[in-house]
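There are 2 protein chains.
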Amino acid sequence: MNALGKHLLLELKDCNKEVLNDLSFLKGVLSTAASEAGATVLGESFHQFAPQGVSGVVIIRESHLFIHTWPECGYAAVDIFTCGDSVRPEKAAQILISKLEAKNHSSLEIQRGILDSQ
Amino acid sequence: MNALGKHLLLELKDCNKEVLNDLSFLKGVLSTAASEAGATVLGESFHQFAPQGVSGVVIIRESHLFIHTWPECGYAAVDIFTCGDSVRPEKAAQILISKLEAKNHSSLEIQRGILDSQ
Chain A
1 MNALGKHLLL
11 ELKDCNKEVL
21 NDLSFLKGVL
31 STAASEAGAT
41 VLGESFHQFA
51 PQGVSGVVII
61 RESHLFIHTW
71 PECGYAAVDI
81 FTCGDSVRPE
91 KAAQILISKL
101 EAKNHSSLEI
111 QRGILDSQ
Chain B
1 MNALGKHLLL
11 ELKDCNKEVL
21 NDLSFLKGVL
31 STAASEAGAT
41 VLGESFHQFA
51 PQGVSGVVII
61 RESHLFIHTW
71 PECGYAAVDI
81 FTCGDSVRPE
91 KAAQILISKL
101 EAKNHSSLEI
111 QRGILDSQ
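Residue numbers (the numbering used here), protein chains in the order written: chain A, 1 to 118; chain B, 1 to 118.
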């Protein structure tokens, strides 16, 4: 049985707190991560919270990348949801871990859409 | 230890295939689900795929709701990511299960942002 989608949930801890609050930087990182992973970017939506924190999504042809940041905790939650075999989500994960300077991270991979008929 | 976020991953199967391909309908359902759950909608981004399928996100103050649909399989992947205690993600899940007429569904709840310092 094959899954329709692959969902990578990243927990990024002890990150650079300044970049976690930099919407412009994070937008660039997420777009770069999507492109470097081989995905086609279709759209994006970002929001800056007060006093701090950013939420943002990049919609790709192959699903999406999402980030929520808590700068005060040095923490970011990242989702990389892809479908098909042409995208390498692990490459996107590596870029995010590096650019956010996460000293600690963990990841969980979940198969989405495992259907009986497949 | 408390988590910063609560992430509900829904697998909706044997849904109404027509509504899974109806961007306008899905946009309304996601917004309604967010509001009924007590969330504050900040923005949204939806995309219609050819020949079929819809991806869409509603960004809420308390994180996000996401949907990817595969009408040909009667399947939708839904994420409901919330933070804080004011939102009831289970309420949003119930609305989506009902409106998409999912005859089968499963859900997985994952705590995000469990930090040592909390």
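If you're looking for bench data, these hints aren't it; they were derived computationally from the structure.
Warning: the hint list may mix true and false statements.
Which copy is meant is left open, because identical chains are indistinguishable; a pair holds if it fits in one copy or across any two.
To be verified - Straight-line Cα separation of at most 20 Å, SDA-like style, residue types lysine to any residue; simulated pairs:
no.	residue 1	residue 2
1	Lys-27	Gly-43
2	Lys-91	Leu-42
3	Lys-27	Ile-114
4	Lys-99	Ala-3
5	Lys-13	Leu-115
6	Lys-17	Leu-115
7	Lys-13	Ile-114
8	Lys-103	Asp-116
9	Lys-13	Leu-42
Tested hints:
Proximity of Lys-27 and Gly-43 under a CA criterion of 20 Å is satisfied in both settings, with 11 Å inside one chain copy and 16 Å between copies. Taking the shortest Cα distances, Lys-91 and Leu-42 sit within 20 Å of each other inside one copy (19 Å), while across copies they are farther apart (30 Å). Taking the closest pair of Cα atoms, Lys-27 and Ile-114 never come within 20 Å of each other, the shortest separation being 31 Å inside a single copy and 25 Å across copies. For a Cα distance limit of 20 Å, the shortest separation of Lys-99 from Ala-3 qualifies neither inside one copy, at 30 Å, nor across copies, at 24 Å.
Taking the shortest Cα distances, Lys-13 and Leu-115 sit within 20 Å of each other only across copies (8 Å), while inside one copy they are farther apart (34 Å). In this assembly of identical chains, the alpha carbons of Lys-17 and Leu-115 lie at most 20 Å apart only when taken from different copies (15 Å versus 41 Å within one copy). Proximity of Lys-13 to Ile-114 under the C-alpha cut-off of 20 Å is restricted to the inter-copy arrangement: shortest distance 10 Å between copies versus 31 Å within a copy. When the C-alpha separation of Lys-103 and Asp-116 is checked against a cutoff of 20 Å, the pair qualifies only between copies, where the shortest distance is 14 Å, while the shortest distance within a copy is 40 Å.
Taking identical chains as interchangeable, the C-alpha atoms of Lys-13 and Leu-42 are never at most 20 Å apart, the minima being 29 Å within one chain and 26 Å between chains.
In terms of the numbered hints stated before, the structure departs from hints 3, 4 and 9, listed from lowest to highest.
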